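Asker: Here the protein sequences come in this chain order: A and B.
In case it helps, numbering that gives the first Met the number 0 puts the first sequence at residues 0 to 340.
In case it helps, numbering that gives the first Met the number 0 puts the second sequence at residues 0 to 504.
Calculated from the structure, these hints are not laboratory results.
Note that this is a predicted model, so its numbers are computed, not measured.
Where is the CB? At the ideal position from N, CA and C, for every residue including glycine.
Any given hint could be a false lead.
Derived lysine-lysine pairs resembling DSSO-like cross-links, with alpha carbons at most 30 angstroms apart [what the hints assert, rightly or not]:
1) B/Lys42 <-> B/Lys473
2) A/Lys302 <-> A/Lys194
3) A/Lys39 <-> B/Lys40
4) B/Lys390 <-> B/Lys40
5) A/Lys302 <-> B/Lys55
6) A/Lys38 <-> B/Lys390
Now the in silico label distances, taken between C-beta atoms and shown as ranges [what the hints assert, rightly or not]:
7) B/Leu455 <-> A/Ser114: 32 to 42 angstroms
8) A/Lys38 <-> B/Leu468: 45 to 55 angstroms
9) B/Leu251 <-> A/Ala320: 32 to 42 angstroms
10) B/Trp190 <-> A/Val225: 22 to 32 angstroms
Counterexamples of contact, computed for chain A against chain B with all Cβ distances above 12 angstroms [as the list claims (entries may be wrong)]:
11) Lys38
12) Asn57
13) Ile87
14) Leu189
15) Val209
16) Tyr217
17) Gly237
18) Leu238
19) Ala252
20) Gly257
21) Asn296
22) Gly314
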Amino acid sequence: MNFFNLDTIWFLLIGIIFTGYAVLDGFDFGVGILYLFVKKDEDRRILLNSIGPVWDGNEVWLVIGGGALFGAFPGAYATVFSGFYNAIILLLMALIFRAVSIEFRSKEPSRIWRSSWDISFSIASCLAALIIGITIGNITRGIPLDKQGDFIGNFLDLLNPYSLLLGITVMALFAMHGAIFLVLKTEGELQSMIKGWVPRLIGIFLLLFVTFNIATFYVCPELVGVMLTRPYGFAVLGLDLIAAVSIGVMTKAGYEFGSFLMSSATMVLLMAVLGISYFPNIVMSMPDPGNSLTIYNCASSHKTLGYMFLIACIGVPIVLAYTVSIYWIFRGKTRIGDTAY
Amino acid sequence: MSVEILSRIQFALTVSFHFLYPPMTIGLGMLLVITEGLYLKTKNPLFHQMAHFWTKIFGLIFSIGVATGIVMEFEFGTNWAAYSRFVGDIFGSALAAEGIFAFMLEAGFLSLLLFGWNKVGPKTHFFATCMVCLGSHFSAIWILIANSWMQTPAGFHLERIVGNVHTRLPNSYIVQTSDLGHVRAVVDNFWAMVGNPSSLNRICHVVFGSWLVGAFLVMSICAWYLLKGRFTKFARASMTVAACFAAFTTVLQSISADSTARGVVRTQPIKLASMEGVYQTHDYTPMTLFGYVDTAKQQVHGPQIPALLSFLCFHNFKQPVQGLLSMPSDDFLAARNPGLSPEELAKIRPNYWPMVGAVFQTYHLMIGIGSVVFGLSFLALTLLWRGWLFKAENPLIRSLLWIYVFAVIAPQICMQAGWFTAEMGRQPWIVYNMLKTSDGLSRAVHANQVVFSIILFALIYILLFLMFLYLMNKKIQHGPDADTDQLIDTQTVTGKVFSKENRAS
């Protein structure tokens with residue numbers, strides 16, 4: 000089998016898009032998760048404005064991921080979104096509330112107004128992180144599918160302990176990622192407070208991360224079996240652990256940007272491990288693996304994959320170029336100006 | 000209620016609410032480009048003040064548009080899984096293009112537009128404004144291409160998949176309910192798909208409509224300022240730009256409306272007949288100005304202008320507009336319902352029509368209110384020309400300005416009514432003459448789940464809408480920030496703008 004065909008390229012690209020989404024919107028959600036622990040109004044505004052110019056662009060990665068999944072693997076898109084109906088609807092609600100909370104919060108000086116939007120912003124961010132984790136957990140574990148590839152379980156099946164564990168792990172990961180991001184964007188007292196949180200957040204994440212990896216060995220023997228045939232997967236997993244530990248090392252040494260890079264690398268490598276053990280499946284069927292959706296049985300035609308690849312080749316470099324320039328223009332410490340949230 | 004009806008209600012609810020906002024940002028985006036361009040050219044601080052204020056309004060509208068827009072992209076998968084599998088090969092590349100070329104452009108440059116006034120130079124900021132405006136147009140264009148493909152599919156073939164074997168099906172193949180999951184539409188020619196027979200007409204019609212929405216929003220706020228005697232210099236200049244833009248767009252929209260109607264009669268004659276409630280086929284087909292359809296007796300009641308519909312559809316008074324009683328054809332029906340006698344076929348024919356009464360009303364609402372929008376646009380231009388529009392002390396002008404204050408909802412009503420006409424008129428098909436709406440649903444989703452999500456969406460959208468009105472009102476009451484120290488005389492400003500706009504159009 001030729002590895003570099005359009006199906007595998009799109010498997011890779013969709014992985015990259017969703018990983019990009021996790022890394023970028025991950026710190027937005029992290030800021031939201033930590034948000035209520037910051038008490039002063041001005042500090043809260045700094046937190047909001049640290050993600051102010053970029054969260055919208057970060058969320059677009061999810062929109063593009065959804066569109067790309069629809070276009071490249073319509074079968075997987077249809078199965079996941081209809082199967083996880085309630086979860087997806089709640090995720091949409093969370094994203095709506097996150098967006099409008101940021102937008103509305105500082106438009107009124109009233110305390111009730113502000114604290115209501117503060118709470119809604121934080122809950123929405125926590126909920127989004129939790130749902131993303133639970134969804135990935137279920138996809139990792141496999142969900143019951145029929146011969147047509149339609150989900151035949153119910154909503155409560157999705158709330159199994161393993162997926163909930165990943166949900167909480169993702170929350171911890173985003174909180175840590177967000178805190179590290181905030182260290183970069185804040186200064187003074189606020190910064191030293193957040194700096195104080197970072198080691199604890201790293202500790203919580205590492206604990207959950209190791210627990211999750213151990214749980215995976217018991218809950219997903221198929222994935223472990225696949226990994227054994229692809230030993231380089233263990234090398235990537237090892238790298239991932241090293242990256243996770245070096246977040247702590249970097250932070251201790253005072254390399255703020257370095258620890259942000261390591262925290263991003265942890266996510267990238269985690270997704271890489273998932274991709275390596277999962278390929279060529281996109282949605283694994285449990286308990287009947289014969290009904291699994293793979294890149295071969297639910298992909299679009301090669302013509303469409305080719306068109307989309309062309310669109311990606313033209314579009315992605317442009318997108319990357321101006322994304323980088325936006326981050327560059329809004330680099331440095333966040334301050335409250337007259338156009339701020 | 001069935002999952003089908005509930006899912007349709009949910010999609011209508013979420014998309015209608017979402018679509019209140021993008022037309023405003025598309026139209027306002029154009030006005031921002033014009034205003035900021037004028038500022039770069041003339042260096043008149045009044046234009047800077049205008050661009051600044053309208054950008055703030057733009058930002059508020061945009062944020063709600065983004066927040067509510069992501070819902071639809073997910074809804075295809077959540078509620079219409081069978082449809083998604085059927086069209087993914089075609090719909091997907093349009094959505095992916097929309098994401099890459101439109102949303103990224105908008106989201107990337109929006110932060111510069113909103114927060115970058117002091118971070119980058121005026122030329123870079125103008126560039127960012129242009130990119131956001133372009134992005135919002137791209138977004139409309141790609142999503143309209145996808146939607147137009149559902150109305151007039153082109154550039155594809157059907158294929159059956161069994162295991163790893165893909166078999167090409169003939170174009171005449173009729174998709175059965177049992178085919179779902181095994182038969183799908185596959186792209187033959189990307190550009191034929193993009194340029195399907197209704198794409199261009201519908202893109203123009205919606206984009207021009209959006210420009211009118213934006214122009215009327217600006218005129219409404221400015222009319223309010225003029226009535227209250229606040230920020231009058233600012234209001235006069237903004238209203239001048241908006242009124243010229245509205246009149247200019249009105250001309251384009253008339254051409255587009257004519258072309259769209261003639262396109263529909265060619266590509267979707269059943270929809271056109273439903274819009275006008277035409278049952279019998281006669282020469283010199285009349286047009287009903289307003290009224291209602293008695294669907295039981297298959298008659299339309301209301302004042303009619305003889306031969307007008309024939310003329311509008313074919314530019315020919317005599318040529319008959321085909322009536323519903325002969326559509327779809329017996330051959331079409333017989334192919335889908337083998338073994339039925341001609342009488343039985345005639346009996347099931349109405350199953351292939353949309354809800355004629357509803358489509359008739361939404362269409363006539365669009366036409367009626369649309370004429371008011373056209374009239375108000377030209378009236379504003381004429382009064383501007385004669386120098387009467389800003390005489391807020393004149394009682395006649397005062398009442399007219401009040402009309403402009405409330406006219407902001409008129410193009411919005413047209414937009415919504417037009418979309419309801421287009422989408423209800425497509426029924427019972429989700430992909431025209433190919434896939435039934437009832438076959439497009441998610442099998443994994445149950446009615447109670449859809450009810451739950453409709454209630455959630457409805458509650459949130461009510462809250463969002465109230466918040467939007469409250470904050471919008473607050474921004475309007477606050478008005479533009481005063482940096483008007485060295486404003487040159489308004490008379491010359493408006494004079495300049497006016498002659499420039501005139502040349503442009």
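Asker: All hints are to be evaluated individually against the structure, with a verdict given for each.
Answerer: Tested hints:
1. Between B/Lys42 and B/Lys473, the direct Cα distance comes to roughly 29 angstroms. Compliance with the 30 angstroms bound is thereby established for this hinted pair.
2. For the suggested pair A/Lys302 and A/Lys194, the alpha carbons sit about 51 angstroms apart, so the restraint of at most 30 angstroms is broken.
3. With a C-alpha separation of about 44 angstroms, the suggested pair A/Lys39 and B/Lys40 falls outside the 30 angstroms cut-off, and the hint is violated.
4. Between B/Lys390 and B/Lys40 the CA atoms are separated by roughly 29 angstroms; this keeps the pair inside 30 angstroms, and the hint holds.
5. With a CA separation close to 43 angstroms, the supplied pair A/Lys302 and B/Lys55 exceeds the 30 angstroms bound.
6. With a C-alpha separation of about 52 angstroms, the suggested pair A/Lys38 and B/Lys390 falls outside the 30 angstroms cut-off, and the hint is violated.
7. Range check, B/Leu455 to A/Ser114: Cβ separation about 23 angstroms, and the 32 to 42 angstroms hint is violated.
8. Between A/Lys38 and B/Leu468 the Cβ separation comes to about 31 angstroms, which falls outside the hinted range of 45 to 55 angstroms.
9. A hinted range of 32 to 42 angstroms for the beta carbons of B/Leu251 and A/Ala320 is consistent with their spacing of about 34 angstroms.
10. Restraint check, B/Trp190 to A/Val225: a C-beta distance of roughly 41 angstroms breaks the suggested window 22 to 32 angstroms.
11. With 12 angstroms as the threshold on Cβ separation, the claim that A/Lys38 sits away from chain B holds: the shortest Cβ distance comes to roughly 25 angstroms.
12. A Cβ of chain B approaches the Cβ of A/Asn57 within 12 angstroms, the least distance being about 8 angstroms, so the stated non-interface status is violated.
13. Distance check on A/Ile87: its Cβ comes as close as 5 angstroms (rounded) to a Cβ of chain B, failing to clear the 12 angstroms threshold; non-interface status is violated.
14. Interface exclusion of A/Leu189 from chain B stands, the closest Cβ pair being 20 angstroms apart, more than 12 angstroms.
15. The claim that A/Val209 is not at the interface with chain B holds, since no C-beta of that chain comes within 12 angstroms of its own (minimum 33 angstroms).
16. With a minimum CB-CB distance of about 28 angstroms to chain B, A/Tyr217 clears the 12 angstroms threshold, and the non-interface call stands.
17. No Cβ of chain B approaches the Cβ of A/Gly237 within 12 angstroms, the least distance being about 35 angstroms, so the stated non-interface status holds.
18. The non-interface label for A/Leu238 is consistent with chain B: the shortest C-beta to C-beta separation is roughly 30 angstroms, beyond 12 angstroms.
19. Against chain B, the non-interface label of A/Ala252 holds: every CB pair exceeds 12 angstroms, the least being about 32 angstroms.
20. For A/Gly257, the non-interface assignment is confirmed: its Cβ lies about 26 angstroms from the closest Cβ of chain B, beyond the 12 angstroms cut-off.
21. Some Cβ of chain B comes within 12 angstroms of the Cβ of A/Asn296; the nearest lies about 8 angstroms off, and the non-interface call is violated.
22. Once the 12 angstroms rule is applied to beta carbons, A/Gly314 is inconsistent with being away from chain B; the minimum gap is 3 angstroms.
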